[in-house]
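Peer 1: The lines below spell out each chain.
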Amino acid sequence: MEQLNYRHTALARAKGSRHQAVVGVVASGDLEVLVERTLPDGECEVNIRTSISGFGDVWCAVVADFAQLRSPGGLKLSVNDGGARPDMVSLRLAQAVRAVAGDRV
Amino acid sequence: MRREDATALLEAVIRPGDRVCLEGDNQKQADLLAVALATADVAKLHDLHLVQSGVVLPEHLDVFEKGIAKRLDYAYSGPQSTRIARLLFGGKIELGAVHTYLELYARYYIDLTPQVALIAAVSADRHGNLYTGPNTEDTPTIVEATAFKDGVVIAQVNEIVETLPRVDIPGDWVHFVIESGKPFHVEPLFTRDPAAITETQILTAMLAIKGIYAPYGVQRLNHGIGFNTAAIELLLPTYGERLGLKGKVASHWALNPHPTLIPAIESGWVKQIHSFGSEVGMDDYIRARSDVFFTGPDGSLRSNRAFCQVAGLYACDMFIGSTLQIDLKGNSSTVTTDRVAGFGGAPNMGSDARGRRHPSKPWLRAGKEADPDGPGALRRGRKLVVQIGETFGEKHVPLFVEHLDALTLAEKLDLDLAPVMVYGDDLTHIVTEEGVANLLLCRDADEREQAIRGVAGYTQVGRDRDASMVHRLRERGVIRRPEDLGIDPLDADRRLLAARSIKELVHWSGGLYAPPSIFRTW
Numbered sequence: 001m002e003q004l005n006y007r008h009t010a011l012a013r014a015k016g017s018r019h020q021a022v023v024g025v026v027a028s029g030d031l032e033v034l035v036e037r038t039l040p041d042g043e044c045e046v047n048i049r050t051s052i053s054g055f056g057d058v059w060c061a062v063v064a065d066f067a068q069l070r071s072p073g074g075l076k077l078s079v080n081d082g083g084a085r086p087d088m089v090s091l092r093l094a095q096a097v098r099a100v101a102g103d104r105v
Numbered sequence: 106m107r108r109e110d111a112t113a114l115l116e117a118v119i120r121p122g123d124r125v126c127l128e129g130d131n132q133k134q135a136d137l138l139a140v141a142l143a144t145a146d147v148a149k150l151h152d153l154h155l156v157q158s159g160v161v162l163p164e165h166l167d168v169f170e171k172g173i174a175k176r177l178d179y180a181y182s183g184p185q186s187t188r189i190a191r192l193l194f195g196g197k198i199e200l201g202a203v204h205t206y207l208e209l210y211a212r213y214y215i216d217l218t219p220q221v222a223l224i225a226a227v228s229a230d231r232h233g234n235l236y237t238g239p240n241t242e243d244t245p246t247i248v249e250a251t252a253f254k255d256g257v258v259i260a261q262v263n264e265i266v267e268t269l270p271r272v273d274i275p276g277d278w279v280h281f282v283i284e285s286g287k288p289f290h291v292e293p294l295f296t297r298d299p300a301a302i303t304e305t306q307i308l309t310a311m312l313a314i315k316g317i318y319a320p321y322g323v324q325r326l327n328h329g330i331g332f333n334t335a336a337i338e339l340l341l342p343t344y345g346e347r348l349g350l351k352g353k354v355a356s357h358w359a360l361n362p363h364p365t366l367i368p369a370i371e372s373g374w375v376k377q378i379h380s381f382g383s384e385v386g387m388d389d390y391i392r393a394r395s396d397v398f399f400t401g402p403d404g405s406l407r408s409n410r411a412f413c414q415v416a417g418l419y420a421c422d423m424f425i426g427s428t429l430q431i432d433l434k435g436n437s438s439t440v441t442t443d444r445v446a447g448f449g450g451a452p453n454m455g456s457d458a459r460g461r462r463h464p465s466k467p468w469l470r471a472g473k474e475a476d477p478d479g480p481g482a483l484r485r486g487r488k489l490v491v492q493i494g495e496t497f498g499e500k501h502v503p504l505f506v507e508h509l510d511a512l513t514l515a516e517k518l519d520l521d522l523a524p525v526m527v528y529g530d531d532l533t534h535i536v537t538e539e540g541v542a543n544l545l546l547c548r549d550a551d552e553r554e555q556a557i558r559g560v561a562g563y564t565q566v567g568r569d570r571d572a573s574m575v576h577r578l579r580e581r582g583v584i585r586r587p588e589d590l591g592i593d594p595l596d597a598d599r600r601l602l603a604a605r606s607i608k609e610l611v612h613w614s615g616g617l618y619a620p621p622s623i624f625r626t627w
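Chains A and B are the protein sequences, given in the same order. The first sequence begins at 1 in the working numbering and counts up by one. The second sequence begins at 106 in the working numbering and counts up by one.
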């Protein structure tokens, strides 16, 4: 089990007004994201617990692109990873932002 | 002949050193004859040269371990790919070459003509006429080469009957018939369970449909057998319909009877399909849709791998399929250092036919993109050769690599030619979840490399991209991201699939598709 934590500044506050949401599942090749609106508007935090070690540089790149593209300001995202590939990680993080905005998942 | 006498027959007919085709097709296997050959006395039968397209059954390799066979020329070895690699490294197999199907068949008529062919059919009549059933596959090609060059043709059949449903092989081309008493082995290779299709695969399918099928207007095509192309098949009646593409794309196919194409067929997308082989469980459905498939007067499929490969080479405007590794020049391979899977038909499907002379809209457009300043009437068209996949495969193995494992294997086995599946100069597009790269629009090797890196996602190859060059390629439309095509990755939802399970495919077929038990969960 590896624990990774990233903090980014976000360009804009995440849309919507929901306080929290969960997307995905902890399953092989998938991941679960708990998203909570608990941070100041210009900040974003992503904390990852992953069952596969040694992919820190990939996570770092995926999370950095996410913070830049999806404007997740004010969000704290807690990830329980079951060995998802980066494409799945990007998708679930984006779904989490949409879920906390109150849109359909 | 009685089946108990099969080994004695082979020992009597085959001479040491003979070239033998032990029919191992992509799907159909002459399994009784394979066992008979593998149990032959090595003092009587040794040093044979096997020339067959598929190395599929354990017995196909047992004959090498026992010394009955020595040399091998083949095309595909899916289920035996690990063991064949071990035998190659151990020197038990003297490898001629790994061929594409059409290439091996061609050599049956020039320098690899079998002296003895051991083939499989469903039934024979008293004159030795054979009915192959839907899996005709390689049989006519093998028999033609053997029977008309003084060879001996030995057929195993499930049963001997009074009257055949149809004649696939005339009796005077067949010299011995053995009744096996049970159906020959057939591999279900083309069934992809919709339940296992991921959102990322759906995204790549959306990108392919909107980014390639639509603009080129691809009507004549061949699909590989991976999950990404299965997703495309299942998106045609939903996403494709929404884009208004029905009747404009994907109407004429060189394709095995993929169960995942049933919804598109039932929705009226598909006009015609010619097949390399059949697929387990599709017989009744094919019979009901003889307006689409090639069938005999009895209603059952008549497949033919050689003709379908020719169709894929000359009469299709696009091949789209998956691979295991793509390098910076766009060369791709499914070989890894411990698996020698062979090629099957992919190098033939996935190559530009230099002998093609008939024009079509997609072919001409691709040719123009590659050579915009060339003189119109003298400018060759180009076949669209598309690799589609996620940037990371099983166990986080990257799709994109600096150095193909095929090259490492060639060095270790001292091969003159590395087993490359699709050469970079034939490849026209790459589709990943990050976008579509159009290599036809690249003007030099640097641009090609950056176009490939630009869709390689978070793999090392992708992260080592020149970001500013990739940005310029995107401005020129060489790379197109989902948003450039008006696609929101969050719309890549399993609800877009026309069928989300095998059971739903059965419903689409009106209950005619009978999936093999391993795909039944109800």
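Because the hints were derived from the structure by calculation, they are not lab data. Built from N, CA and C at the ideal position, the CB exists for glycine as well. Take the hints with a grain of salt, since some may be wrong.
Said to hold, decoys possible - Here are some, though not all, of the chain B residues that point toward chain A, as calculated from beta-carbon distances under 7 Å:
1. 304
2. 495
3. 497
4. 563
5. 565
6. 598
7. 601
To be verified - What follows is a list of derived Cβ distance ranges for each label pair:
8. B/419 x A/2: 50 to 56 Å
9. A/16 x B/191: 56 to 62 Å
10. B/500 x A/64: 56 to 62 Å
11. B/290 x A/26: 52 to 58 Å
12. B/459 x A/15: 30 to 36 Å
13. B/478 x A/13: 21 to 27 Å
Peer 1: Now tell me, hint by hint, if it's right for this structure.
Peer 2: Outcome of the hint check:
| no. | hint | in the structure |
| --- | --- | --- |
| 1 | 304 | holds, 6 Å |
| 2 | 495 | holds, 5 Å |
| 3 | 497 | holds, 4 Å |
| 4 | 563 | holds, 4 Å |
| 5 | 565 | violated, 9 Å |
| 6 | 598 | violated, 9 Å |
| 7 | 601 | violated, 14 Å |
| 8 | B/419 x A/2: 50 to 56 Å | holds, 53 Å |
| 9 | A/16 x B/191: 56 to 62 Å | holds, 57 Å |
| 10 | B/500 x A/64: 56 to 62 Å | violated, 24 Å |
| 11 | B/290 x A/26: 52 to 58 Å | violated, 40 Å |
| 12 | B/459 x A/15: 30 to 36 Å | violated, 54 Å |
| 13 | B/478 x A/13: 21 to 27 Å | violated, 51 Å |
The structure fails to meet hints 5, 6, 7, 10, 11, 12, 13 from the earlier list, while all remaining hints are met.
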